[in-house]
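Based on the hints, put chain B in the right spot on chain A.
Here is what each chain is made of, one letter per residue.
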Amino acid sequence: DQQVKQNSPSLSVQEGRISILNCDYTNSMFDYFLWYKKYPAEGPTFLISISSIKDKNEDGRFTVFLNKSAKHLSLHIVPSQPGDSAVYFCAGPMNRDDKIIFGKGTRLHILP
Amino acid sequence: GAVVSQHPSWVICKSGTSVKIECRSLDFQATTMFWYRQFPKQSLMLMATSNEGSKATYEQGVEKDKFLINHASLTLSTLTVTSAHPEDSSFYICSAPRIMGKGVGYTFGSGTRLTVV
Chain A
527 DQQVKQNSPS LSVQEGRISI LNCDYTNSMF DYFLWYKKYP AEGPTFLISI
577 SSIKDKNEDG RFTVFLNKSA KHLSLHIVPS QPGDSAVYFC AGPMNRDDKI
627 IFGKGTRLHI LP
Chain B
53 GAVVSQHPSW VICKSGTSVK IECRSLDFQA TTMFWYRQFP KQSLMLMATS
103 NEGSKATYEQ GVEKDKFLIN HASLTLSTLT VTSAHPEDSS FYICSAPRIM
153 GKGVGYTFGS GTRLTVV
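Going line by line, the protein sequences match chains A and B.
Residues 527 to 638 in our numbering are what the first sequence spells out, letter by letter.
Residues 53 to 169 in our numbering are what the second sequence spells out, letter by letter.
Since the hints were derived computationally from the structure, they do not count as laboratory data.
From the three backbone atoms N, C-alpha and C, an ideal C-beta is built for every residue, glycine too.
Just so you know, not all the hints are guaranteed correct.
Straight-line C-alpha distance at most 20 Å; calculated EDC-like pairs for lysine to aspartate or glutamate [said to hold, decoys possible]:
1. K118(B) x D79(B)
2. K531(A) x D581(A)
3. K72(B) x E568(A)
4. K630(A) x E111(B)
5. K93(B) x D610(A)
6. K625(A) x E111(B)
7. K625(A) x E104(B)
8. K625(A) x E115(B)
9. K93(B) x D581(A)
Covered stretches of chain B (chain A as the covering partner; in silico rule of three or more C-beta atoms under 8 Å from a C-beta of chain A) [unchecked claim]:
10. 115-129
11. 138-147
12. 158-164
Same shape as in the complex, but just chain A (with noise of 0.2 Å):
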């Protein structure tokens, strides 16, 4: 049972345009959620966070949404760069031993 979804595998949006990467999840329990970024052969690095008390977050280009009643968050980046480029995992931790589960990613391309 797949408790964080991502169920677009790749989206293409042009640069300085908004890019919107969606994630839904089935576990309540999540204390909050994180979105990661990742280069292939490289490790995943930390984007935004927001805890499941609230409903957005904001860190320069990036804002996180959280919609509770529909399990549903979504990450904005605007405007888009090139370097933007990569694979992004939305993941939640499971409180009770801290493990992060990775929804499958989606691969944004930022097209000239």
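Same frame as chain A, now just chain B:
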């Protein structure tokens, strides 16, 4: 910031041999280390959790005799892929959680690309 150094970054080995991957926390004590595996175009799948001074906890479906995990000190955790086969070829990543002011932060190693030929 906190750094986890992972070595080697890539390794090619013959089928039947064993490969050891090291993850070392450089500026903090990692009492716990998570080991992940990523197949091409797939998610990071948690394999096991190592805890300093005790036995590792393996996720369902992961062979503990094949993937030996040792966490002998607060700064070093190792994963040994024993009797490697081509299907073990994958990208392995470690991650250490640490308590931060507002919760738990996770530091990832840079990953190891294992190719078994």
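Results of checking the hints against the structure:
| no. | hint | in the structure |
| --- | --- | --- |
| 1 | K118(B) x D79(B) | violated (30 Å) |
| 2 | K531(A) x D581(A) | holds (19 Å) |
| 3 | K72(B) x E568(A) | holds (18 Å) |
| 4 | K630(A) x E111(B) | holds (18 Å) |
| 5 | K93(B) x D610(A) | holds (18 Å) |
| 6 | K625(A) x E111(B) | holds (11 Å) |
| 7 | K625(A) x E104(B) | holds (16 Å) |
| 8 | K625(A) x E115(B) | holds (19 Å) |
| 9 | K93(B) x D581(A) | violated (30 Å) |
| 10 | 115-129 | violated (count 0) |
| 11 | 138-147 | holds (count 3) |
| 12 | 158-164 | holds (count 5) |
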